[in-house]
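Each chain, letter by letter, is given below.
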Amino acid sequence: MGQFVYLDHAATTPLDQRVFKVMKPWLTDKFGNPSSFHSPGKEAKDTVELARTKISKILSCRIEEIIFTAGGTESDNLAILGFARANVGAGKHIIVSAIEHHAVLEAAAQLKKEGFEVTLVAPDTDGIVGLESIKAALRPDTILVSVMYANNEIGTIQPVAEIGNFIQKHRGENKYPIFHTDACQAAGAFELSVEKLHVDAMTINGSKIYGPKGVGLLYLRKDLRVQPLQFGGAQERGLRPGTENVAGIVGLAEALELTDKEKNKEGERLIKLRDKLIAGILSTVPKTKLNGHSTKRLPNNANISFLDIEGEALMLYLDAKGIYVSTGSACTSASLDPSHVLLALGKSPEEAHGAMRFTLGHSTTEKDIDYVLKVLPPLVEKLRMISTNPINTTPSPSNP
Amino acid sequence: MPDVINTCGTETWFYSDTVKDHFFNPQNFLKEENPPADFNAFGVYGSPACGDEMKVWLKIDPENKKIVGYLWKTFGCASAIAAASMCSVMCLENGGLSLDDAMKITPQMIVDRLGGLPPRKIHCSVLCDKALRLAVEDFLKGRKEN
Chain A
1 MGQFVYLDHA
11 ATTPLDQRVF
21 KVMKPWLTDK
31 FGNPSSFHSP
41 GKEAKDTVEL
51 ARTKISKILS
61 CRIEEIIFTA
71 GGTESDNLAI
81 LGFARANVGA
91 GKHIIVSAIE
101 HHAVLEAAAQ
111 LKKEGFEVTL
121 VAPDTDGIVG
131 LESIKAALRP
141 DTILVSVMYA
151 NNEIGTIQPV
161 AEIGNFIQKH
171 RGENKYPIFH
181 TDACQAAGAF
191 ELSVEKLHVD
201 AMTINGSKIY
211 GPKGVGLLYL
221 RKDLRVQPLQ
231 FGGAQERGLR
241 PGTENVAGIV
251 GLAEALELTD
261 KEKNKEGERL
271 IKLRDKLIAG
281 ILSTVPKTKL
291 NGHSTKRLPN
301 NANISFLDIE
311 GEALMLYLDA
321 KGIYVSTGSA
331 CTSASLDPSH
341 VLLALGKSPE
351 EAHGAMRFTL
361 GHSTTEKDID
371 YVLKVLPPLV
381 EKLRMISTNP
391 INTTPSPSNP
Chain B
1001 MPDVINTCGT
1011 ETWFYSDTVK
1021 DHFFNPQNFL
1031 KEENPPADFN
1041 AFGVYGSPAC
1051 GDEMKVWLKI
1061 DPENKKIVGY
1071 LWKTFGCASA
1081 IAAASMCSVM
1091 CLENGGLSLD
1101 DAMKITPQMI
1111 VDRLGGLPPR
1121 KIHCSVLCDK
1131 ALRLAVEDFL
1141 KGRKEN
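Which chain is which? The protein sequence lines are A and B, in order.
Going by the numbering used here, the first residue of the first sequence is number 1, and it counts up by one from there.
Going by the numbering used here, the first residue of the second sequence is number 1001, and it counts up by one from there.
What the hints contain is simulated information worked out from the structure, not anything from laboratory work.
Careful, some of the hints might be misleading.
[Claimed, not checked] Calculated pairs, BS3-like style, for lysine-lysine (alpha carbon to alpha carbon, straight line, at most 30 Å): (1) Lys261/A <-> Lys222/A; (2) Lys382/A <-> Lys1141/B; (3) Lys289/A <-> Lys222/A; (4) Lys374/A <-> Lys1031/B; (5) Lys261/A <-> Lys45/A; (6) Lys382/A <-> Lys1059/B; (7) Lys1031/B <-> Lys382/A; (8) Lys1020/B <-> Lys287/A; (9) Lys1104/B <-> Lys289/A; (10) Lys1020/B <-> Lys382/A; (11) Lys321/A <-> Lys1031/B; (12) Lys1031/B <-> Lys289/A; (13) Lys1031/B <-> Lys287/A; (14) Lys21/A <-> Lys54/A; (15) Lys1020/B <-> Lys367/A; (16) Lys1104/B <-> Lys1130/B; (17) Lys321/A <-> Lys1020/B.
[Stated by the list, open to error] One-sided excerpt, in silico: chain B residues whose CB lies under 7 Å from chain A: (18) Pro1048; (19) Ala1049; (20) Gly1051.
Quick reminder that beta carbons are idealized off the backbone N, C-alpha and C, glycines included.
Start from the sequences and build out the full structure, keeping to the hints where you can.
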């Protein structure tokens, strides 16, 4: 016993020791406030700017186009709310995909309350939002389009460069619409050049790329007008006031550099393990279905529906065996709603309730995958024995 | 005031040891497709679309009207499985509950015996008392289902 098979890297990754090492001095000895004019302050300021410079190289953007925030949610909110509010005079229509993270969806819902119109664009059954659907949703008063780079639940990769290229040509000399992408899951796995992706704004955070939690960034094209969400000092061009999280920013830059450098090699390794896991489950466990496109997905993501069982139950049975995963089931979410992503793909509530997400990472070995493939089938069998096998059941009185 | 009060004293998802025990080692669930022929009452409640469905089969002694056999199946989360298991234990202990007493089982009684459940899980996952009641009504109506 004593197994520890962590397969929930899409939720968060451990901090890379190499990242921790460069962060450490900035948590202890080097504590200056970057806004202070004395030497310790200057040293901290220089470090923040060095981190910004390093990141700008990976993103092929200008140094000042990087805004440090406290994470992915804040970056998404700043992009969506901040841009829409500052440009309300130009149009009151925004487009977001139906499979976005709640940080985008709830920001869009807030805009709706403020008088904006929001079009949710559905993905195809493979979980991919096609350019044609975006084209169809565009209106003359559309000011913003947001489509994530890779989905956090099913890992499907969206044609961001294609959509971005189209939007850029579509607006021509005009300023609208702009294109934002949430790249939290894609960072560390794929190309992040904003030139190649044709994005005007992009969200990245530290806690999915073996960096620290509580730090993220928003790439924001320099000429975009954005209203801040909070008010205070002049940090981050006034768009994100508050003393900089120096250690976090140093860690974010280091984590992004490391994962970006190692992405191809690590991606190849993970794809092999991912495909072994998927093929292993689909072939040994009956009534299972892969959710999302089989190849256009993150190297580390396997999302599989186990019919006739409820995800939370399986998740906890796996937990007892030292295997840590996530589920699309309603029962583990605060809202008690099943995954909006799976429902948007046209999956039935039953499929969503039985969906398990396995996300691999640096620590994942072939031995881990073999262990899962050994432990999982009997657990599924046991839960199915308990289950009412709802697929074959007769209609029942409704649940009030 | 909520009609069911959480007694595990926590808002988290973590379950009590009793819940875990019944979840990992559920009692009295029906392993086969159909119950033994001498089971004479059946109730089903909930819907898989909502994430939980509960089926209860009872063997009721026609003489003394006590529950002498209780089998269940559920499509549900950990708390649904634990609650179903606990409810079956409550019905079968001390020689079996009378139908009158079985009809009086409330979610609160099951939650208390489980050492509490996370509050928001109670309404959606404690369906066994409803399925049990439907099974008893099924018996009283004189119907016999597998």
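Structure-based check of each hint:
no. : hint                    : in the structure
1   : Lys261/A <-> Lys222/A   : holds, 26 Å
2   : Lys382/A <-> Lys1141/B  : violated, 34 Å
3   : Lys289/A <-> Lys222/A   : violated, 44 Å
4   : Lys374/A <-> Lys1031/B  : holds, 22 Å
5   : Lys261/A <-> Lys45/A    : holds, 26 Å
6   : Lys382/A <-> Lys1059/B  : holds, 24 Å
7   : Lys1031/B <-> Lys382/A  : holds, 9 Å
8   : Lys1020/B <-> Lys287/A  : holds, 27 Å
9   : Lys1104/B <-> Lys289/A  : violated, 42 Å
10  : Lys1020/B <-> Lys382/A  : holds, 15 Å
11  : Lys321/A <-> Lys1031/B  : holds, 23 Å
12  : Lys1031/B <-> Lys289/A  : holds, 25 Å
13  : Lys1031/B <-> Lys287/A  : holds, 19 Å
14  : Lys21/A <-> Lys54/A     : holds, 17 Å
15  : Lys1020/B <-> Lys367/A  : holds, 28 Å
16  : Lys1104/B <-> Lys1130/B : holds, 11 Å
17  : Lys321/A <-> Lys1020/B  : holds, 14 Å
18  : Pro1048                 : holds, 3 Å
19  : Ala1049                 : holds, 4 Å
20  : Gly1051                 : holds, 5 Å
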